[in-house]
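Based on the provided sequences and hints, a complete structural model is requested.
Chain order of the listed sequences is U and R.
With this note's numbering applied, the first sequence covers 13 to 268.
With this note's numbering applied, the second sequence covers 326 to 665.
From the structure, some residues in chain R lie toward chain U, with a derived Cβ separation under 7 Å:
(1) Gln414
(2) Pro416
(3) Arg543
(4) Gly546
(5) Asp549
(6) Val550
(7) Thr552
(8) Phe553
(9) Gln557
(10) Met561
(11) Gly562
(12) Asp564
(13) Ala607
(14) Ala608
Using 30 Å as the maximum straight-line C-alpha spacing, the simulated DSBU-like pairs for lysine-lysine come out as follows:
(15) U:Lys87 x R:Lys472
(16) U:Lys30 x R:Lys472
(17) U:Lys30 x U:Lys87
(18) U:Lys205 x U:Lys175
(19) U:Lys91 x U:Lys205
(20) U:Lys205 x U:Lys87
Just so you know, these hints were derived from the structure itself, not from any lab.
We treat Cβ as the ideally placed atom computed from N, Cα and C, and that holds for glycine.
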Amino acid sequence: MNKTAMLAVEHLSCGYGKTQVIQDLTFQIEAGERLCVLGPNGCGKTTLLRALAGVLPYQGYVEADGVSLCGLAPKQRAKKIALMSQFARTAFDYTVYEAVMLGRYAHRRETLFPAETAADREAVEDAMRRTGVWELREHSVMRLSGGQLQRVFLARAFAQEPKIILLDEPANHLDLRYQAELLESLRDWTSDKRRCVAGVFHDISLALAFADTVLLLEEGRALACGSVEELDEKLLDRLYGMDVRRYMKRMYGRWE
Amino acid sequence: MRTGVKTGLLFLTAFAALLLGIGVGSVYVPPGDILALAAGRMFDLPLPDHIPASYSAMVLDMRLPRVLLAFLTGAALAVCGAVMQSLLQNPLASPFGLGVSSGAGLGAAFVIVLGLASVGLGTFLLPAVSLMFALGTVFFVLLLAAKLDRRMSNVTVILVGMVISLFCNAVMSLLATGSPAHAQRIQLWQLGSFSMREWSAVWALGPVTVLVGLYFLRHAGELDVMTFGEEQAMSMGVDLRRVKGRLMTAVAVLTGTAVAFVGIIGFVDLIVPHIARRFFGAAHRRTLPACALLGGIFLVLCDLAARTLTPPHEIPIGSITALLGAPFFLYLFFAGRRDN
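Written as structure tokens, this is what we have:
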């Protein structure tokens, strides 16, 4: 196995009940890389992230930062991999600061009187400044806009101080400026060469602009995995069942 | 207001509510006299001349245990309500949704119908059997939910809890119809009462409330994480199935014990957590203790109203909590909405 692999996935299969969604998937992400997972609806993109994040049981072998995830305690796994879920929300009135501080859960011991350490506070402030939510720290999470909330959840993933961040449609419901800012802070985060990001996108152009590696998923199997520059567009056409280039030209032609 | 100040005020209010609850009754006993009586018993001091000697038994053996039982029940139900709302990420969730109350009710109905409630052991047989039934029902609900859905999703738990509750209630109605002589007693039990004013109930419920409360507090961090969704919680390192199972069992034990002694008292578990969150924020480290105090205060005052509004009759405590609770809750809810 390649020594610099930050995340190595071998023969991963998983699903719900008897239905196998991901079948015998093998790929890896190098340190410092940004991977995007592309594929049509229902191809298993979100399922893959859920398996990697410890939400869904799987068969196969996954190694993160040189450690096998199998048999790793939930907190230890959370120190390696964070998930920014598409559906995170709360019905209760936490402040933004409290919500981001929850990201430190994996680094704490649960006791009757836990204390926030200096390291906790530093990680939280750093995460909040990276995502531009430090000014909102006293606000209630229930009164934030969708874009602000998304950045709060990204800050929480940063505060978890993982090696790998998994993103499920991170740019959903965000207007252009927020999209750009969110992806910029992620790019900035991976510029430290000991981290990497894997994201699921349905916006192909956004994904290819953000990522340097691409994994094409077809019905739970890897159709291709490689650098974005060398991506064979014919595979995209096959994956989505349409002439992707022609469509993109028509969509974005007016901005040329 | 600073959290420290608010906490101080809450403790003072709790103390005042206890004194008020003990003092008001057929004869009024002022706070100073109550303290003198308590000190007299504890340190074996002579009583001041103006306090009749008979007051000692009335205040310390009848009113005090009753008020303490009300306080403990309020604290227990409110804390369990807060935990269930967070566990199920549902602001309307209640510990009774797991089948605690209907299970306990069924157990109590059996004891009453079989005529065992009035036998010598009755005073303890009734709570013991209803606690066993409550725990059995919750255990069955959780087992069935886990069987139907490996991930034990919240919707499954809520639905299974509801179905089993309705089933238990139906059996209870059958029992009541089958023996009309006992029907009224079953119905009254369901509305709750603190009239079992005995120290033994306080000694049973007190330690359970404190221990389970501390257990919840130890899991405050996990509860915080879980309110943001289970998928997130798992990815953030919470051992979800285990934590959820344990916390729900703890909820069942505490609500079951409370219900077994005083019957089913609704509304406290629902509204008190919302009030606590409004003043102390959502973080469980602050909300849970606030819930305990507020719930205790609320039930002591409700019990006071139940005893004094229509003498010599007592209004069932369950009706009072709903009568006072519903408008108060609506006010808080809508006043809060307007602010935002």
